[in-house]
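**Student:** Here is what each chain is made of, one letter per residue.
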Amino acid sequence: MNDKSDPISEAAFKFFGKMTASISHEIKNVLAIINENAGLLEDYTLMAEKGKAIDPERLKKLAGKVKSQVQRADGIVKNLNKFAQTVDESTGRVDLNETLDLVTVLSGRFAFVQGVTLDRKQPENPVKITTSPFLLQNILWLCLEFAMEVSGEEKKVGLVTEKTETGASVRFTQLNGLIARPSDRFPTEREKALLRALKARLAGAC
Amino acid sequence: MKVLLVDDEEELAATLAERLSLRDIEADWVTCGMDAITRVGEDTYDVIVLDVKMPGMSGLETMEKIQKIKPEAKIIFLTGHGSVEDHEAGKKAGASFYLMKPIDIQVLIDKMHEAAKQ
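Residue numbers (my numbering), protein chains in the order written: chain V, 760 to 965; chain E, -15 to 102.
Honestly, the hints are just simulated from the structure, not real lab data.
Quick caveat: nothing in here was measured; it's all calculated off a predicted structure.
Please note that the accuracy of each hint is not assured.
Stated by the list, open to error - Each computed DSBU-like pair below joins lysine-lysine, with the alpha-carbon atoms no more than 35 Å apart:
1) K787(V) - K(-14)(E)
2) K76(E) - K811(V)
3) K820(V) - K787(V)
4) K(-14)(E) - K824(V)
5) K880(V) - K915(V)
6) K773(V) - K101(E)
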């Protein structure tokens, strides 16, 4: 992944950068909330030292808020760790459901900022495939990014995994704004290169 | 001093507002750009503290709209998103300061006073 003239390497670098920047932004937000809650606890302590009565329930509530933000940060870091580990192996056996779940979670902030709801239909069974875990995530993100762009007025994107005769598929549904977009917007050479590397193809609306 | 805090992280905005009020700074807070514009139209603030990445309207878009209503408004960006491009864009658009989360409250208060005097 060190040749930026190669469209796959370039796409991979951009994807990794975009995701880690978003995750660091999320962590910064959590740290900021912890910082303010801890600061408020300190403020109350100083007030108590000066003789002002502080309601213990208020202190308990603040401590609870700190705990809940620590749990939020833990979840974010666990996802970052899962994401980072996908670079480790060029090809492996992966569960498409788990991969799509992770891409959906990692894309949560982007969806939130755009006001898009991601509707991940929970499948009953695993959909195992052999592929490059990182490149799979990359193409799923690029499809999802485009899907959010063309989600129309409803601003909702459905994500469905299915087993097929030859492997597996991911469907992005409810793309009501798709017709209004120029046809050369997607897929670009970048997506085409990733699809070739993954021996995958775009079908239907996507 | 009266300030408006705009951040989609409700808990952050509410807690920061409480801490500012303990320091005799009147602080209102909202969680999106649209609400910020409404508040600015209804009230007068010495400083407006804006998050950059927010759902619907970004901090930069909110700032542009606020400047149309109140050209004299003093804006501080407070963000967890530290990209050079955003920093440059914020300063170019006329923000007084571009600060990073998490921030020491005294640093923020100092910057608020500085911005209000500009």
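**Student:** Hints first: check each against the structure and report whether it holds.
**Tutor:** A quick look at each hint next to the structure:
no. : hint                : result
1   : K787(V) - K(-14)(E) : holds, 26 Å
2   : K76(E) - K811(V)    : violated, 46 Å
3   : K820(V) - K787(V)   : holds, 22 Å
4   : K(-14)(E) - K824(V) : holds, 27 Å
5   : K880(V) - K915(V)   : holds, 13 Å
6   : K773(V) - K101(E)   : violated, 41 Å
The structure is inconsistent with the numbered hints 2 and 6, although it conforms to all the rest.
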